[in-house]
Amino acid sequence: MEEKFDAIIVGAGLAGLGAAYTLAQEGLEVLLLERGDYPGSKNVTGGRLYLNPIRDLFPDLWKKAPFERHITQEGVSVMAGARSLNISYRGEELEQEPYQSYSILRAKFDRWLSKQAERKGAMLVSRSRVDDLIIENGRVEGVYAGGDELRSQVVIACDGVLSMMAEKAGLRKPGSAKEFGVGYKEIIELDSALINDRFGLEGDEGAARLFMGEVTKGKFGGGFLYTNKESISLGIVVGIQDLMEGAPAVQAPVLLDEFKQRPEVARLIKGGETVEYSAHVIPEGGLKSLTKLSGDGILVAGDAAGFSMNIGVTVRGMEYAMASGYYAAQAVIQAKAREDFSAASLAAYESMLGESFVMKDFKNFSEAPEALDNHRIYTYYPELAGNIMRDMYNVPAGSKERLYPTVKKYLGLGELWPMFKDMRKVMKI
Amino acid sequence: MSEILGLKAKLGLDVFKHDKEPHIKIKPGMEKDPRLKRAVLVCPAGLYEEKEDGRVELTIDGCLECGTCRIACGTEVLEWYYPSGGAGVQFRFG
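Chains A and B are the protein sequences, given in the same order. Letter by letter, the first sequence follows residues 1 to 429 of our numbering. Letter by letter, the second sequence follows residues 1 to 94 of our numbering.
These aren't lab readings, by the way, just hints derived from the structure by calculation. Misleading hints may appear alongside valid ones.
Claimed, not checked - Taking lysine-lysine and the DSBU-like style, the derived pairs with C-alpha atoms no more than 30 Å apart in a straight line are: (1) B/Lys-37 / A/Lys-168; (2) A/Lys-173 / B/Lys-8; (3) A/Lys-168 / A/Lys-4; (4) B/Lys-20 / B/Lys-37; (5) B/Lys-20 / A/Lys-108; (6) B/Lys-37 / B/Lys-8; (7) B/Lys-51 / A/Lys-217; (8) A/Lys-178 / A/Lys-421; (9) A/Lys-260 / B/Lys-17; (10) A/Lys-178 / B/Lys-25; (11) B/Lys-10 / A/Lys-108; (12) B/Lys-27 / B/Lys-10; (13) A/Lys-270 / B/Lys-10; (14) B/Lys-37 / A/Lys-288; (15) A/Lys-63 / A/Lys-360; (16) A/Lys-217 / B/Lys-10; (17) A/Lys-260 / B/Lys-51; (18) B/Lys-27 / A/Lys-178; (19) B/Lys-32 / A/Lys-178; (20) A/Lys-292 / A/Lys-428.
Okay, chain A solo, but in the shape it has when bound:
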């Protein structure tokens, strides 16, 4: 009899690894296929991982995980052309264990996680690109990879944001530019003591900052900065639709170069040495852009399904990836116990996800993509905030105007009405 796995997982990113770990733990036969040299070698994060939503799904995992720093300092910079308004937040809850979030580097983290999955019994094959699905009588029966025909009860497509597996299974179309952003970043090496001094951190404490406004020249998106142990992740996320339409026409790499040259940013990375440049597409379409999550013999998890979300103050994807991988695995475990791998049986994945934080978040924030797709957020408001601050702090040679009229002149009826309309949209987030 030819060998047939319980599950073949396409892609050893966080969704695939979450699924593989969970399945192997229950003793199922799992084959995990990864096209890179090692898990994490094709993956990019901003990045940070929020642990709270997934802590209990993988209770034994976290103690030895190779995190970079736990984030104790949150920041937002509203960038106008020549000035910026910075908000920094610290709270004791961020400084107490269990920590809410950690900065991570994927090549390190995913590789470590794959070792844990292998230890549980999952079979990992790297340098193996899946070329196609085996589909017989409308059912997915396995995959073709590097000339091999590999069969399984179920295929879990964790092949990332472009998910050609989900496309081939007819569960999604390539998608439109409006539903995706592109993130690209540099890893800038810097001595850990210097990082601590510059950001006001101690030990393994870390800082996270988001930058909005001039950074993207009015395009949907922003800049980000995360401190790692001995490096800084610095990058840009920008909507692909806005980027390709021009107005103004800017080449993506130029945005990052100019961002690095902003005085607010330049002094944070001064003396650092860039050691890597990476980029990746990010699903940003929210609930409306999710793919079909299951088909006959196939489940879709992680970025492949569209599980990534930008709500302005937080940009999240990795928890959704690990959780959706976990629930996909649970559905397969149940199907195995019932000895029923039919589409109806596997659809338990969707109901489990529906009751989890994953789908609840996507429903709660279903209005976010539309509310944030407002150019005034990236141009008008940052300039306005900057100008108000400038005038408030200004001490002229002559007498200084009263504070209320100083602010009031920016907020006449002509300005307030469109603001009110924008606010109504933002309040839906």
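Got chain A; can you put chain B on it based on the hints?
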């Protein structure tokens, strides 16, 4: 558009493994397609260049496999695959 300063050096920091053939190709006859011009703006590695006669050329070396060109230009214009197993960019940090 002219070459972006320092971009080649930046890409030179990454580890790339050679593939037998380019994993992304401009489909024959599509070199002047308006959809292809979007790639010049969106590619984070700046690998698409518009020539004086309006043709867009792609240099595959330095591709970060991010997928942006596939989304922006579409598969009518680009023949788009991932590199073969073990080939292409290998991030050491990610």
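> For which of the previously enumerated hints does the structure constitute a violation, in increasing order of number?
Replying inline: Hint 2 is the one this structure does not satisfy, whereas the remaining hints hold.
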